[in-house]
Amino acid sequence: MTFASIMVAVDLAPQARERVRLAGHLADDFRARLIGVAAERAAYAVPPVGPTPASSYALTASNESVLDDLRQAHAAFEEASAGRSRVEWRSNIDLPLPFLMAQAAAADLVVVGRRAETGPALFSVDPGDLVMHLGRPVLIVPPGIDHLDGRRVAVGWKDSREARRAVRDALPFLRRASHTVVVAVDDGRGAADTRNIVGFLQAHDIAVTALHRDARGAEPSETLIDAASEQAADLIVTGAYGHSRLREWALGGVTRHLLAASPICCLMSH
1 MTFASIMVAV
11 DLAPQARERV
21 RLAGHLADDF
31 RARLIGVAAE
41 RAAYAVPPVG
51 PTPASSYALT
61 ASNESVLDDL
71 RQAHAAFEEA
81 SAGRSRVEWR
91 SNIDLPLPFL
101 MAQAAAADLV
111 VVGRRAETGP
121 ALFSVDPGDL
131 VMHLGRPVLI
141 VPPGIDHLDG
151 RRVAVGWKDS
161 REARRAVRDA
171 LPFLRRASHT
181 VVVAVDDGRG
191 AADTRNIVGF
201 LQAHDIAVTA
211 LHRDARGAEP
221 SETLIDAASE
231 QAADLIVTGA
241 YGHSRLREWA
251 LGGVTRHLLA
261 ASPICCLMSH
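In the UniProt record's numbering, the protein residues as written are 1 to 270.
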């Protein structure tokens, strides 16, 4: 199992070039093709009832603006991915999330950035929405990171369907890693048993140890990030939205906090 095709979402934010460079390095490491994807839909105002003389002009002008944005995104992708032969570009005047979801059938891994609070909203893709609906592992890249070595990996473990799938999806990374640590965090309800997942990874010839941590009143996500940092991990692997997403956003949850604040790249599956 490997990543034969890596897709990266491109927008007009400054960190998009960093994200493309990171995805390009991963494509080199896995000998994969690199696919850049961008989409934007014009923000049309609600038109009056019936035709107006200016409506066709407004539509054309809006589409030209979108096409100009897509050309800029393509140029940024070409610049950041320069020197690679197995490169593709896909873009369209469309809503970003549905377009990326449709294209993701061609990818083993999809690389996105953390959703910015400021910037070109028309390009934005919410990684939480993406990981819920994509059916592919999603790598979320924090700002300021343009390379992922992935030699030391932390697995945030809870014995759930989402976590088991994330570990399976991350096997190409885990097989390359010099060391993997499985982190089970006790959030007051007991830490998950790590014996089966450690045995599973050992059966795949992956060097792995287990680490149990007590959150001690802190957010479990913060405890996971602290443990990953102490192990010098530059990748966290975890399942996404083990509870309902509505419950996570209402009460807080590991996925929500990792998406918003993790300084370490996160590979998530749902």
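These are computed hints drawn from the structure, not numbers from a lab.
Keep in mind it's a predicted model, so treat the numbers as computed, not measured.
There may be inaccurate statements among the hints.
[Stated by the list, open to error] The calculated label-pair distances, taken between Cβ atoms and stated as ranges, are:
no., residue 1, residue 2, range
1, Glu64, Arg189, 51 to 57 Å
2, Ile93, Arg176, 37 to 43 Å
3, Asp146, Ala261, 28 to 34 Å
4, Arg176, Leu95, 33 to 39 Å
5, Ser85, Gly188, 49 to 55 Å
6, Pro98, Arg71, 18 to 24 Å
7, Asp159, Glu64, 50 to 56 Å
Glycine included, C-beta positions come from ideal geometry on N, C-alpha and C.
Structure-based check of each hint:
no.: 1; hint: Glu64 <-> Arg189: 51 to 57 Å; verdict: holds, 55 Å
no.: 2; hint: Ile93 <-> Arg176: 37 to 43 Å; verdict: holds, 38 Å
no.: 3; hint: Asp146 <-> Ala261: 28 to 34 Å; verdict: violated, 19 Å
no.: 4; hint: Arg176 <-> Leu95: 33 to 39 Å; verdict: holds, 35 Å
no.: 5; hint: Ser85 <-> Gly188: 49 to 55 Å; verdict: holds, 52 Å
no.: 6; hint: Pro98 <-> Arg71: 18 to 24 Å; verdict: holds, 21 Å
no.: 7; hint: Asp159 <-> Glu64: 50 to 56 Å; verdict: holds, 53 Å
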